[in-house]
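Quick note, the sequences are listed as chains A and B, same order. As numbered in our numbering, the first sequence has no gaps in its residue numbers, which increase by one up to the final residue, 326. As numbered in our numbering, the second sequence has no gaps in its residue numbers, which increase by one up to the final residue, 326.
Hints are computed from structural coordinates only; laboratory data are not their basis. Where hints are given, some of them may not hold.
Identical chains share a label here; the pair holds if one copy fits it or two copies do between them.
Claimed, not checked - Each computed DSS-like pair below joins lysine-lysine, with the alpha-carbon atoms no more than 27 Å apart:
| hint | residue 1 | residue 2 |
| --- | --- | --- |
| 1 | K147 | K30 |
| 2 | K308 | K262 |
| 3 | K47 | K97 |
| 4 | K110 | K263 |
| 5 | K30 | K263 |
| 6 | K262 | K18 |
| 7 | K312 | K293 |
| 8 | K147 | K110 |
| 9 | K70 | K312 |
| 10 | K18 | K110 |
| 11 | K147 | K73 |
| 12 | K97 | K110 |
| 13 | K70 | K263 |
| 14 | K262 | K312 |
Protein chains: 2
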Amino acid sequence: MKQHFFHTYPAINNALGKVNQTINDRITIKNTQLHDALQQMASNGGKYLRPAFFLLFANINHQTADEQEKLIKIASSLEVLHMATLIHDDIIDDSPKRRGAVSVQAAFGKDTAVYTGDFLFTIFFDLLVETMTGSAYLTRNARTMRKILTGELGQMDNRFDLDQSLLDYYRNVNGKTAAIFSLAAEEGAYFGHADHRTINLAKRIGQNIGISFQILDDILDYSGDERLNKPVLEDLATGVYSLPLLLTLQNHRHELEPLLAKKRQMTIEDIEKVQKIVVTHGGVEQAQEIATKFTQKAQTEIDELADKHTRKMLKLVANKLLTRVN
Amino acid sequence: MKQHFFHTYPAINNALGKVNQTINDRITIKNTQLHDALQQMASNGGKYLRPAFFLLFANINHQTADEQEKLIKIASSLEVLHMATLIHDDIIDDSPKRRGAVSVQAAFGKDTAVYTGDFLFTIFFDLLVETMTGSAYLTRNARTMRKILTGELGQMDNRFDLDQSLLDYYRNVNGKTAAIFSLAAEEGAYFGHADHRTINLAKRIGQNIGISFQILDDILDYSGDERLNKPVLEDLATGVYSLPLLLTLQNHRHELEPLLAKKRQMTIEDIEKVQKIVVTHGGVEQAQEIATKFTQKAQTEIDELADKHTRKMLKLVANKLLTRVN
Numbered sequence: 001m002k003q004h005f006f007h008t009y010p011a012i013n014n015a016l017g018k019v020n021q022t023i024n025d026r027i028t029i030k031n032t033q034l035h036d037a038l039q040q041m042a043s044n045g046g047k048y049l050r051p052a053f054f055l056l057f058a059n060i061n062h063q064t065a066d067e068q069e070k071l072i073k074i075a076s077s078l079e080v081l082h083m084a085t086l087i088h089d090d091i092i093d094d095s096p097k098r099r100g101a102v103s104v105q106a107a108f109g110k111d112t113a114v115y116t117g118d119f120l121f122t123i124f125f126d127l128l129v130e131t132m133t134g135s136a137y138l139t140r141n142a143r144t145m146r147k148i149l150t151g152e153l154g155q156m157d158n159r160f161d162l163d164q165s166l167l168d169y170y171r172n173v174n175g176k177t178a179a180i181f182s183l184a185a186e187e188g189a190y191f192g193h194a195d196h197r198t199i200n201l202a203k204r205i206g207q208n209i210g211i212s213f214q215i216l217d218d219i220l221d222y223s224g225d226e227r228l229n230k231p232v233l234e235d236l237a238t239g240v241y242s243l244p245l246l247l248t249l250q251n252h253r254h255e256l257e258p259l260l261a262k263k264r265q266m267t268i269e270d271i272e273k274v275q276k277i278v279v280t281h282g283g284v285e286q287a288q289e290i291a292t293k294f295t296q297k298a299q300t301e302i303d304e305l306a307d308k309h310t311r312k313m314l315k316l317v318a319n320k321l322l323t324r325v326n
Numbered sequence: 001m002k003q004h005f006f007h008t009y010p011a012i013n014n015a016l017g018k019v020n021q022t023i024n025d026r027i028t029i030k031n032t033q034l035h036d037a038l039q040q041m042a043s044n045g046g047k048y049l050r051p052a053f054f055l056l057f058a059n060i061n062h063q064t065a066d067e068q069e070k071l072i073k074i075a076s077s078l079e080v081l082h083m084a085t086l087i088h089d090d091i092i093d094d095s096p097k098r099r100g101a102v103s104v105q106a107a108f109g110k111d112t113a114v115y116t117g118d119f120l121f122t123i124f125f126d127l128l129v130e131t132m133t134g135s136a137y138l139t140r141n142a143r144t145m146r147k148i149l150t151g152e153l154g155q156m157d158n159r160f161d162l163d164q165s166l167l168d169y170y171r172n173v174n175g176k177t178a179a180i181f182s183l184a185a186e187e188g189a190y191f192g193h194a195d196h197r198t199i200n201l202a203k204r205i206g207q208n209i210g211i212s213f214q215i216l217d218d219i220l221d222y223s224g225d226e227r228l229n230k231p232v233l234e235d236l237a238t239g240v241y242s243l244p245l246l247l248t249l250q251n252h253r254h255e256l257e258p259l260l261a262k263k264r265q266m267t268i269e270d271i272e273k274v275q276k277i278v279v280t281h282g283g284v285e286q287a288q289e290i291a292t293k294f295t296q297k298a299q300t301e302i303d304e305l306a307d308k309h310t311r312k313m314l315k316l317v318a319n320k321l322l323t324r325v326n
């Protein structure tokens with residue numbers, strides 16, 4: 001994973017190194033090129049945010065060696081699930097790049113990408129079965145995976161839909177992004193032997209951070225920041241209308257509609273015009289304010305956590321994560 | 001499912017009706033059209049062969065009501081896994097049809113098809129967690145799913161490869177088709193409380209029938225029988241060389257190579273020529289003989305089963321299944 005993100009938190013950084021190792025050990029696939037591509041994706045690209053959240057809540061440094069081993073596996077399961085959904089998302093988005101390298105679908109074709117994502121689902125499954133058999137979290141994981149997919153499917157249903165509500169947007173974001181952050185935090189607390197109240201808090205913290213994270217990601221499309229290796233306005237070109245645009249549509253539909261009505265025939269110029277309208281009318285600022293509300297909600301909930309160390313670490317990480325566009 | 005296939009076996013037919021109901025109950029997806037497409041796929045298209053094999057080995061009529069309910073769920077998991085892989089396979093094959101209707105990818109696009117297959121994997125997962133937590137079969141299921149995918153990936157790796165061996169072919173067939181038949185039979189025996197010897201026999205019977213089933217399916221490409229709604233020689237056009245062709249290549253490569261070297265540029269005429277060469281030189285007959293050997297192996301193993309009723313039923317079903325091209 002990207003070493004720089006957690007390098008100031010040696011305990012987490014060290015555990016994430018083990019997560020990386022676990023994932024590499026599991027990705028044994030006969031096709032050498034594909035194997036290398038997966039290893040590259042697992043090793044060089046991601047910030048391992050979901051495992052990191054899990055490990056923070058699990059308080060990994062205060063667990064026994066056996067427990068630590070189990071926690072590393074669960075942390076790995078979260079990243080593997082995330083990787084699988086990324087690979088399948090890239091098929092849908094026709095993304096040429098992922099995590100700074102060529103995406104699996106661009107390098108090996110969509111066909112291989114379908115099976116590669118599926119292959120990772122089986123690794124995800126294995127890691128769960130090895131660590132949480134008998135607990136309700138097996139079912140929770142299946143449900144979370146379903147939430148991710150129904151969020152993605154919901155987003156597809158709403159493509160090019162000028163009449164979608166903010167609620168539709170939140171529902172889709174909740175599924176495609178927040179559900180896994182929420183699960184990571186919740187099962188972190190649970191498998192770290194936290195009490196019932198902390199587990200519930202964790203779940204909400206994860207969800208609020210997840211929503212905020214996605215809104216900030218969507219804002220990047222309009223602010224044109226390319227640090228994420230994400231083509232600017234890629235979403236807009238494929239009819240995915242995110243928060244800054246939906247907010248602007250509420251009062252400036254007459255300006256946007258003629259441009260958006262062109263759908264896939266929109267030119268780069270059209271897209272730039274849309275971007276300008278959204279920025280000019282404060283769509284980005286408003287979205288930023290909403291993201292801040294979700295972040296503050298998470299901060300308040302973090303303050304309610306009993307463990308001082310976890311509180312401090314989480315605040316640092318959440319801040320770092322959620323201020324990347326400022 | 002296709003009512004006619006098991007209508008002469010009322011016990012199995014009745015249980016398969018419940019499997020169909022279970023699957024329909026689980027497929028709750030917000031998008032109405034997609035929901036209808038999945039229900040249609042689950043209800044009208046398939047022969048439910050994998051659940052049927054499972055139920056035969058599980059001896060379902062001699063189990064308690066509670067046990068029967070559990071067995072119906074496991075039988076459903078097999079069909080759901082099969083459906084998920086079919087939906088993803090159709091993306092790879094660009095198949096316009098599936099089970100006599102328009103395929104999910106043709107009706108809704110490849111994008112939706114990716115997520116729909118994934119969605120079914122979560123249903124598969126749920127059904128397993130509800131029925132076999134604590135048993136080694138959770139892991140066996142994950143491993144089987146991986147075998148299917150590595151079989152499919154292996155087949156893709158071997159596309160247009162004139163030098164692939166029969167072993168490559170068998171390995172891929174074993175993964176993509178036989179693994180799930182083998183699992184169905186094995187876990188049928190296991191969850192039907194059979195003894196260790198029977199469970200092992202079941203596993204081998206399922207595998208041999210599965211291989212034979214796939215070879216016969218591949219033969220259909222060359223005999224041009226369209227009863228399966230499978231475009232004739234679809235495999236050949238996409239570079240998948242199956243047994244009849246591989247056998248013919250062994251002694252008649254000089255005739256085939258100039259045609260096959262055209263790869264995706266092959267015309268319908270070229271494909272017809274290849275078909276003719278394969279048929280003329282006995283490739284279909286030889287493949288048929290090999291399929292018969294696997295069938296006979298399965299028959300011999302079926303004879304070793306202790307339960308007379310299971311033996312009789314299995315022989316009838318295996319015969320019906322494996323003589324469809326005669």
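Do the hints match the structure? See the list:
{"no.": "1", "hint": "K147 - K30", "in the structure": "between (31 Å within a copy, 12 Å between copies)"}
{"no.": "2", "hint": "K308 - K262", "in the structure": "neither (53 Å within a copy, 68 Å between copies)"}
{"no.": "3", "hint": "K47 - K97", "in the structure": "within (16 Å within a copy, 41 Å between copies)"}
{"no.": "4", "hint": "K110 - K263", "in the structure": "both (24 Å within a copy, 19 Å between copies)"}
{"no.": "5", "hint": "K30 - K263", "in the structure": "between (42 Å within a copy, 24 Å between copies)"}
{"no.": "6", "hint": "K262 - K18", "in the structure": "neither (49 Å within a copy, 48 Å between copies)"}
{"no.": "7", "hint": "K312 - K293", "in the structure": "within (20 Å within a copy, 68 Å between copies)"}
{"no.": "8", "hint": "K147 - K110", "in the structure": "both (23 Å within a copy, 20 Å between copies)"}
{"no.": "9", "hint": "K70 - K312", "in the structure": "within (24 Å within a copy, 47 Å between copies)"}
{"no.": "10", "hint": "K18 - K110", "in the structure": "neither (30 Å within a copy, 36 Å between copies)"}
{"no.": "11", "hint": "K147 - K73", "in the structure": "both (22 Å within a copy, 22 Å between copies)"}
{"no.": "12", "hint": "K97 - K110", "in the structure": "both (13 Å within a copy, 19 Å between copies)"}
{"no.": "13", "hint": "K70 - K263", "in the structure": "neither (48 Å within a copy, 49 Å between copies)"}
{"no.": "14", "hint": "K262 - K312", "in the structure": "neither (49 Å within a copy, 64 Å between copies)"}
Going down the numbered hints, you'll see the structure goes against 2, 6, 10, 13 and 14, while the others check out.
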